[in-house]
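2 protein chains.
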Amino acid sequence: MVNYPVGVAMRPCKVVKSPTKSTFGKRGMNFEAEINATNTYYLAHGMAVIHKKPTPIQIVKVDYPKRSRAKITEAYFRQASTTDYSGVYQGHYLDFEAKETQNKTSFPLKNFHDHQIEHMAKVLSQNGLAFVLLHFTTLSRTFLLKAADLIPFYQKNAGQKSISLAFIEKYGYEVPTNKIPSIPYLECIQKILGGEPHFTTTSN
Amino acid sequence: MVNYPVGVAMRPCKVVKSPTKSTFGKRGMNFEAEINATNTYYLAHGMAVIHKKPTPIQIVKVDYPKRSRAKITEAYFRQASTTDYSGVYQGHYLDFEAKETQNKTSFPLKNFHDHQIEHMAKVLSQNGLAFVLLHFTTLSRTFLLKAADLIPFYQKNAGQKSISLAFIEKYGYEVPTNKIPSIPYLECIQKILGGEPHFTTTSN
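Heads up: the protein sequence lines correspond to chains U and F, in order. Take the first sequence: its position 56, counting from 1, is numbered 56 in this note's numbering, and each next residue is one higher. Take the second sequence: its position 68, counting from 1, is numbered 68 in this note's numbering, and each next residue is one higher.
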């Protein structure tokens, strides 16, 4: 693990003594499925109302067979103009995108599209909470990075193809991944909203 | 149900002297298209970030032709589990459904599904702003009715098939429809958030 400068840097939502393999990796579920399961957990427990938006589809042809429901026979995937997830948590608007990589030291910027960055900037301007959840599958580590930190980096480093893990560790919030719900990102949101001071992890 | 004191009743967002024919009816656009246009206006002017969710589709079969993009060849419409519109306005989470009717004196309750009502109740419990936009096409009148007023009515009147216009006039907020943007529902939201006292309309 990276050594952080004294008194700075990493801000885990929960102090993780040593990174354990994420349980969902073992169960063979992917990151998106785990976020959906987490959101279902939050919904069932009255903790937040967060939904994944349906995939946008361009419908070209629909058949209406007699005595049967409409059947779409020609359609194409469209690129989403917003992020994948949004909802409400204690009056706060949350808006985020979730991505994963197999890289170990950096997160590829190509995972984000210009229009998603623009969307997050617009959400920020309306005082919404926009962020990304970044999952390093090989490391079994997940981070919440605020759009307020991602966007300036994205804009300044158009030529650069990825965000270093060090940057994410410095500015992001690590999400524990070894309990139920498996990606408890609301713990990070609580810290952000509570304005808790950044602290160094005791695990270093 | 709550009884409002005398002199309260209808709360138009703007005093409309006499209901004028909605301009969008003349242009041949439907209610949904006008709401989308209104949201585009709000987005372009930095006033709010509200999007319509894509229609949920159950994809059964996809072809991947060589040198061509993926083509969905069998898919079906699914019923949405949430409302159609959501987004953020000055830090507030907005969540709503838009419906229209050709009726003149009442709005059919069948326009709302149980799961949409449940979703709006969950949004309210997270301090989100949930509501419906009800458009009477024949009358050319549009109302914003808070979910906090709709839900108790819906639950108490399961046997009743519609909400009377009188109820909507009493508890709802009338949205002017004769300017750009054509359905300026944010004016109602501003009044709700500002806690402005209810007032009777001069047009009654």
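Hints were generated in silico from the structure; no laboratory data involved. Hints are supplied without guarantee of correctness; some may be wrong.
When chains are identical, the list treats them as one kind, so a pair holds in a single copy or across two.
Unchecked claim - With a Cα cut of at most 20 Å, we get these calculated SDA-like pairs of lysine to any residue: (1) K170 - T101; (2) K179 - M47; (3) K122 - A37; (4) K104 - T138; (5) K146 - D84; (6) K110 - A80; (7) K53 - D63; (8) K104 - S140; (9) K66 - Y76; (10) K122 - Y42.
Hints versus structure:
no., hint, result
1, K170 - T101, "within (18 Å within a copy, 54 Å between copies)"
2, K179 - M47, "within (16 Å within a copy, 40 Å between copies)"
3, K122 - A37, "between (28 Å within a copy, 17 Å between copies)"
4, K104 - T138, "within (6 Å within a copy, 62 Å between copies)"
5, K146 - D84, "within (15 Å within a copy, 26 Å between copies)"
6, K110 - A80, "within (15 Å within a copy, 31 Å between copies)"
7, K53 - D63, "neither (25 Å within a copy, 23 Å between copies)"
8, K104 - S140, "within (10 Å within a copy, 59 Å between copies)"
9, K66 - Y76, "between (25 Å within a copy, 15 Å between copies)"
10, K122 - Y42, "between (26 Å within a copy, 11 Å between copies)"
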